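Take each chain as given, in its own frame, and dock them per the hints.
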Amino acid sequence: MLLTPQSVELLAPVGTWDVLEAAVTAGADAVYLGGKRFNMRLHRTDTNFDDEKLARAVKYAHAHNVRLYVTVNNLISEREIPGMREYLKLLNQIQPDSLIVQDLAILQLARDMNITVPLHASVMMNTHNEHSIKTLMDYGITRIVANRELTLTQLTLLKERTGIELEYFVHGDMCVAHSGQCYHSGIVFGQSSNRGRCLKPCRWPYQLVDTATGKTVTANDPGLYKLAMKDMCLYTALPQLIQAGVCSFKIEGRMRTADFVSRVVKIYRQAIDRYIADPTGYTLDMADWQELSDYRTRDFSTCYALGNPGASSIGYTGEREPRFFSQAVKEADITANTFLPTVIPKEFAASANRPRPQLAVRVACLDSLSSALQNGATVVYIGGEAFKPNKPWTLKDVETAISEAANYKAQVIVTTPRITMEREISEYEQLFKSLETIKPHGLMVSNSGMLRLAQQTADLPIQADFSINLFNHLTAAWLKANGARKATISLEATYEQIAELAQNSPLPLEMIVHGAIEAMVLDHCVPSAVLEGTAVHLCRDLCTEQHYSLLDSAGERHDLKIDQYCRNHILFAKDLCLLPHLPALMSAGINHYRIEGQHYPPELVGLITALYRTELDKLAAGGNYTFDKTCIDKLTAISPRALGIGTFRYRISR
Amino acid sequence: MFDPVGVGLTQSMDRPGGKATGVAGMVPAAAKVAFIRELLPAAHSIGILYHSGDSNALLEVRNFKQAASSTFTLIDLPIVMPEDLSTLPARLPPVLDALFLPIGRVVEENFASVAYYAEAANLPIITSHAPNVPSGALGALVANHYELGIACAVKASQILAGTQPGSIPVGIVDSPEIQLNAFVADNLGIKLPQALLTKATEVFE
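Read top to bottom, the protein sequences are chains A and D.
Take the numbering used here: the last position of the first sequence gets the number 654, and nothing is skipped along the way.
Take the numbering used here: the last position of the second sequence gets the number 205, and nothing is skipped along the way.
The following block holds chain D by itself, in its conformation from the complex (with noise of 0.2 Å):
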């Protein structure tokens, strides 16, 4: 679960207010733009690419903007349909320093697509999809959906002790893990800073 407000689970983060309670697999936002400066620290122009029909998307773009637009100039690439990645080019702006890719299926899913034009244009993504850093993405921060398992126990353990499940805050992740792709910082020409790479779960080559 990545949105549970939005979906009507709860009524808010806080105090979900109903039965259910448990932890968002989103990692905050604000995280997400520490990672990506610290990754690309000369990148000012950050591309986003996201499916427009998303609600996940849709809030991860709301947040990501929020925690960003000071640090960062940001351009909206939304795709209505999959295919509409197929003409991806045509919509890149001639200064891009770096594609950001929020969750969302329908462009984790054709990722191949994205990594093939942004390999050819020379630009580093960062997903926020696990799976897609080994595809060719150049890093990511992600959840860990084990240690999301866990801090869920531990509610469940409240629960059953006796709290009220709507008065349990929902937890979101508060210790991402960051993967890396060697090989495509290699193909960039990008030095992965030492630093990341002593933090880095896991670090493909």
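Extracted from the complex, chain A is given alone in its bound form (with noise of 0.2 Å):
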């Protein structure tokens, strides 16, 4: 296809008046900002623009013709979805070029309401298959920006599969997990990174100790920051992001100043006007580049664009880092005070009309699905990540789940990995085939596009997973109408956000309860780049013999689980358990309870679920409910890691 100046659009970010006027004078094509409600950027109270200077902003890029974008990429509680609605009626009126989105219920909304602005979909939604892709175009979005994870290559597919327009970051701050998959700071500090306040917890310095022995295995420690991304620069690698048919170039950073943004617009504005005027004879400019290079916050990396960077992504020393916003801390406790109703009723209307509480739990293998379904689970989840050195699950093994669940009336519903990119897609379009004929329960999906794949390819109840982060009741609406039966709460809810989203769900909610929680999901290998230097495909499995965790300023160990694709899964130090708190969530009308059994052992599992089987049964039973408090020493004793409360530590999640 013959390149115009049309064809490349440079988009620049920004958070002052002062910074937009000097974004279009360096030639920016498109900027994009945030007004003082529902954005990503929500920290700094000087950035960001209200409602009236919103309005004059639109107005003067235009004049100007640039595009102006605005943020709209928070996830909204249910309290927020008047404001939301309000919000979304005042920028119809002013007419950006686009709202970029990240909650599934403002496709929803924007429906509802005939909002005519473009919708682009945020980072946030991580979207990284054609089969998401199709779903948000059905709602309208005309542009995806691409998870920061795929290279030129999976975008070129992508575009080609599918005709979206492509927004990428290509130069910046950058996230080492998985955008709108990391529920560190949401779940440690009650102030989300999904909803615009990540305080950086992948900013922090960690030693890697061996899991069983808490001893570091470095023996020559590049430097405590392991998980210190340094900066997207793709200066260097211009002609190929060009030719992968990226449409918008995006710079990060909206809380940069005019003099920073001013510099990185005008050495990509000349580069990308010689690059389109004559690309055969296009040559890098060094002087830029040096200019680039002397400007620089942290290092550069051409991060996931070229392939995964290993350790040449992470600034190991920290010395770059331009500022910190956390430090590392005690994760809340299981003994932490709590933000619940002081009075709950003591009566749970045991009427027979009212469903025995279903309690689902997710293993690992055969002998933790026994383990489960004899002592009172009644959804077994199976499949999805094998961490090691569990296997995955093979089709023989599925079925034997199925037989064995049935002499228990139990369910087993097959899940699906958080991250699915075309292997995994394709791999589980075979499985679903297959699945025709083994015929389990269910299937349980992390991500819009698996939804849709399966809502197109196999003939089975679907079920939405967390990682959905399902916060308010539109998003579950949205979800029923694309095929889901039921769906997960948001790990990142409070108990109050928890009741105010049941009561109005068109969809049972299942909640978790119990086991490991991931705070982050890494395309990055840690092991492999600490040790070895290397990018994750190159290394020798370290991760078969031996175990890793990380190890925080706090002394909290965040143990490190690797799955069949060599993601990295970071778990939070403690486990959740809200085995206390069962009565609160039964009177907020949560009928479905789940145990994140998949990275225990058979004989925990099983006493897990006994644990609260019992416990359930016999709130469901009514009368007087008393909590054995001994029960939770006995669990202490036994589970791999501290128990803590997660978001329960908080009224509202912020």
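A portion of the hints provided could be inaccurate.
Claimed, not checked - If you want a taste of the chain D side facing chain A, the calculated C-beta under 7 Å gives, among others:
no., residue
1, Phe2
2, Asn63
3, Thr71
4, Pro82
5, Glu83
6, Leu85
7, Glu109
8, Ser113
9, Ala121
As the list claims (entries may be wrong) - Which stretches of chain A does chain D cover? Using the computed rule of at least three CB atoms under 8 Å from a CB of chain D, they are:
no., region
10, 227 to 240
11, 321 to 332
12, 552 to 558
Don't read these hints as lab results, they were simulated from the structure.
The structure presented is a predicted model; accordingly, all values stated were derived computationally and were not measured.
A virtual CB, placed ideally from N, CA and C, is assigned to each residue, including glycine.
What follows is the structure in structure tokens.
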């Protein structure tokens, strides 16, 4: 395809009016900014635009032939829905060139409210497969901000298969974890990275230790900042980027100064214009490259654009970190204060029409499955990620699981991985075909693409996992409209938020009440990068013999679980345990409970299942309920990690 | 500029001497002590949490100790590295009524971790950095930077009229503003005094 000056858009971040003017003067084709409400940069009160200034900014940009996009990329809580409606109404009046959105609820709202401003899918939507893109296109999304883990080759493939406009981060600050799937800040601090308040635990210092001994495994530690991603810079790869079919080159940094934005925009502008005017005669401008480099914040990396960068993408020494947002803290333990209603009704309407509370358990192997079933699980989740040393579930395993569950009249639900790029998608498409004859009781999907694939190719009931980030009933309605029959509540919601959501939800909601919870999921392999300095595919199976953890400065040990795709899943130091709070959850109307048992040995899976089953049945029977606190001591003694209360420490998640 | 004398920009606050004068963003320590007194009338024991490698923090700690030693029992809580905040609970004395945070970048930036532990210990935080108030401090007495700009402009006009900069005293904040966080107060079970609520420039909910 022939290039024209319109083929590529240079998109600059804007936090204040002077940055807006600077970006426009420097030659940005488009700018993106946030209003004072609902966007991903809510820390600083001096950035972001109030309503009146937003309207003026749109006029200013349009007068200069520059497009302006407004970020509305937050998950919204139940209580924020009316405010969001108002905001969308306002935005529709001032007509920016697009709204960059995260919450699936906005897709529904925009449709219901006849919003005419085009919608772009934020990077926080973690869009990384063609089926997600097609679903989003059905809802009027005209462009996706692609996952930062996608390579240029994968982007080309997605573009060719769907025709969507692709926007890609080409310069600036990056996350080490998959966007929209990082719960570290949200659960520990009650300040969610999905709601614009990330406190950046990935920038903390960590030691890499052996999980069993707690001893450091690095003879030559490259440095403590093992998750500190360098800054993205694709200046040297502009020809590849342009030819890959990416139409919008996004510069990160809505909190950056006019000087910074202006310099980066000018340098990229010149290079893009020179390339488009004369692609074959194009050479790198060494003076500009030097200038970019001289004024860099962190060191540069091409991140995932040209392939998994491994150790080369991490700034281990921490020397160039511009600032920190928090330091590691001891996670709230099981004895910490909770924010729960002070009076919980003692009677739980033990009427005949209240169904027995469902107890689902996610298991890693057939032994654990038996253990869960014997102890009262009504649903078991199998499949999806297999964390080493566990092996993935074979078709035969699935069949065995189903026949075993039949003895207990329990259901077997086959799950799918959280991240499903083209490899996983193809594998699961084949699995769904096989499941037509094996007939499990249902499927659990982790992203909108898998939801679509399951809906179109499998004749099985579908439910949505926590990674969909269900924070309000409109998202539940969206899921229902797209074929889901049950959904899981976001791990970041607090009790108050759960109760409000449950009241309005059109779908039955499942609540994860116990187990090892993942703070982050990474395509970056921490042990192979630290120990061998390699990218993921070059490693010598470091994780088959040994298990690793990251130890933070508060002394908390975060176990690293590595799946069959070599993705690293970083666990919280404390496993969630809401056993004492079942009465409150019951009174909030929750009837589906889940234990994440995939990181426990079979005996422990059985024991925990039995404990929850007993308490749930006691509660369902009605009458005077008392909780035996000694079972917590028992649980604590045999759990591989300490127990904590997650977001129940907070009244609301901000 | 917080401490023009400390960084060698001026010889003294009253007579800068050289070619520079202006306004320092420092709120007088006595005013902060009076503010804490009014906000937390029952407080006796106050911990001062600061980064010992920060000259601004050290100056304010010195001033605050001078102004507060007769009013409060002061407990010194210096940190050497940012990571020291991770183990803050182990360093807090058993009896403590509030934390005072002098100015200083490291503690301000990593405030979330301080607020996290303070909340768990039911401990109110008085900060010197305005953005920490909506992030979980109970209150602060801070400079209004717009007014500092005006005060600075007055000095600039004196210079333009012929006065030597070295003879124009460096000003400090004479009308600091009160910021309070009602949500935090509620969580801590503290009733914000009506007089302070009336005087406050901003009360976060």
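What are the numbers of the hints that this structure violates, sorted from low to high? Violated hints: 1, 2, 3, 9, 10; rest satisfied.
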